[in-house]
Every structure is written in C-alpha cells, then in structure tokens.
Amino acid sequence: MRHLIVICVFAALVGVVFGGISNETPREQIKYGAQVFAKFALFAFVLGWVLFLLP
Amino acid sequence: MRSGETLRDGERGTILSIEVRRGNTGQAYLYAALGWLIPGAGHLAQKRWGRGLLFGGAVCLMFIIGRQFGGNLQDITNGSEGILPRVFGAFNLGTGVLYLGSWLSGVGFGEADDARRISFEYGNTFLMVAGLLNYLVAFDAFDIGVGRKK
Chain A
1 MRHLIVICVF
11 AALVGVVFGG
21 ISNETPREQI
31 KYGAQVFAKF
41 ALFAFVLGWV
51 LFLLP
Chain B
1 MRSGETLRDG
11 ERGTILSIEV
21 RRGNTGQAYL
31 YAALGWLIPG
41 AGHLAQKRWG
51 RGLLFGGAVC
61 LMFIIGRQFG
71 GNLQDITNGS
81 EGILPRVFGA
91 FNLGTGVLYL
101 GSWLSGVGFG
111 EADDARRISF
121 EYGNTFLMVA
131 GLLNYLVAFD
141 AFDIGVGRKK
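So the sequences go chain by chain: A and B.
The opening residue of the first sequence carries number 1 in this note's numbering; numbering runs sequentially from there.
The opening residue of the second sequence carries number 1 in this note's numbering; numbering runs sequentially from there.
Treat each hint with caution, since some may be false.
To be verified - Lysine-lysine pairs mimicking PhoX-like chemistry, simulated, CA-CA at most 20 angstroms apart:
1. B:K150 <-> B:K47
2. B:K149 <-> B:K47
3. B:K149 <-> A:K31
4. A:K31 <-> B:K150
Hints were generated in silico from the structure; no laboratory data involved.
Quick caveat, the model's predicted, so the values are computed rather than measured.
Produce the entire structure from the sequences given, and follow the hints as far as they go.
The structure is reproduced here in structure tokens:
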C-alpha cells in the first residue's frame with residue numbers, strides 16, 4: 001500500500017509541473033496534468049504486477 | 001502591424017505573415033538562471049505568481065520527500081566511481097540552491113545509514129526527478145522571458 005501512495009505522490013508532483021509548463025489554457029493544463037498523473041500511476045501499477053508475476 | 005499581431009488575407013483567412021513577439025533575450029537568460037538557482041523564482045520574477053509558487057512548491061516538496069526517504073545526493077565532482085554518479089549528480093544539480101546548500105553543508109552526500117533504509121532508492125529517484133523537473137521549469141521561465149509563451 002505504501003508503494004502505491006509513493007507512486008501517487010510522485011505522479012501528482014510530476015503532473016503538476018508537466019501540466020503547468022504545457023502551453024495551453026488553464027483548463028487544458030489541468031486536463032494534461034491529470035492525464036500525466038493517471039498514466040504514471042497506472043503504468044507503475046501495471047508494471048509492478050507484471051514484474052511481481054514474473055518468475 | 002503591431003508586435004504580436006497576425007496578418008490574415010481578408011477573403012480566405014489565410015495567414016500571410018506572423019510576427020513573433022520577442023522579449024529581451026539577455027533578461028530571459030537571467031530568469032532561467034534564477035529559476036534554476038531558486039525553484040520557481042524565474043516565474044515569480046516575471047510576475048507569474050501562481051505558476052512560480054506551484055512549480056517552486058512541487059520541486060521543493062519533491063526534494064524534501066526525497067531526503068525524508070533517505071535519498072542521497074551525488075557529488076558531481078566525484079569522478080572516481082565512473083560516469084554514472086556524475087550524470088546523477090547533474091540531475092541533482094537541477095535543484096539549484098537546495099543542492100548547493102546541501103553540498104556546502106555536507107548533508108545528504110554518501111550517508112551510509114540512509115542506504116540501509118527500504119525507501120533509499122525511492123528517495124534517490126525523487127531527488128533526481130526534482131532536479132530534472134526544475135531544469136524544465138527554468139526552460140519555461142526562459143521561454144516566457146523571450147516571448148515564446150505567455
């Protein structure tokens with residue numbers, strides 16, 4: 001559970017910066033930041049399970 | 001035609017020419033350097049208060065979390081262990097005054113107790129990514145200063 005919290009914190013902070021530097025309107029910045037957060041968190045979660053199941 | 005204005009063909013709406021707004025390049029370099037040295041300061045100096053505080057806060061928080069997890073900073077001048085520590089050191093250097101302050105005070109470099117902690121690698125990653133993100137933030141401050149972005 002702690003790993004998941006850590007990756008969520010990491011993804012949120014990266015999402016804030018990536019969203020902020022994207023050259024769009026505030027609405028699109030928030031949307032892009034949320035996308036980055038979701039992709040980071042989901043990819044780490046899936047990769048974590050794949051590596052766990054590998055012998 | 002004024003600065004930043006786009007000239008269009010009246011009937012078809014075709015763009016005939018675009019005049020790019022140009023800021024002061026010398027000043028833009030200064031904003032970038034300031035943004036690198038103090039996270040978010042490049043934006044704050046250009047009165048982008050929201051972005052400056054958000055970026056500065058995110059980078060500083062990432063650095064603090066990294067240190068709390070027991071992450072270690074890499075000494076960029078240490079070439080005895082190959083090139084990799086120097087590369088990681090260059091990443092860490094992106095945090096500017098946070099890295100330089102730690103370097104001058106000798107805190108966070110090669111602390112053996114930290115390496116025993118389970119979150120050590122997480123900490124290292126947070127510290128490196130904090131530096132890399134601050135490089136991006138400094139480039140963004142440069143782009144605003146030079147007039148490429150609002």
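Outcome of the hint check:
| no. | hint | in the structure |
| --- | --- | --- |
| 1 | B:K150 <-> B:K47 | holds, 11 angstroms |
| 2 | B:K149 <-> B:K47 | holds, 14 angstroms |
| 3 | B:K149 <-> A:K31 | holds, 19 angstroms |
| 4 | A:K31 <-> B:K150 | holds, 19 angstroms |
Of the hints listed earlier, there is not a single one the structure fails to meet.
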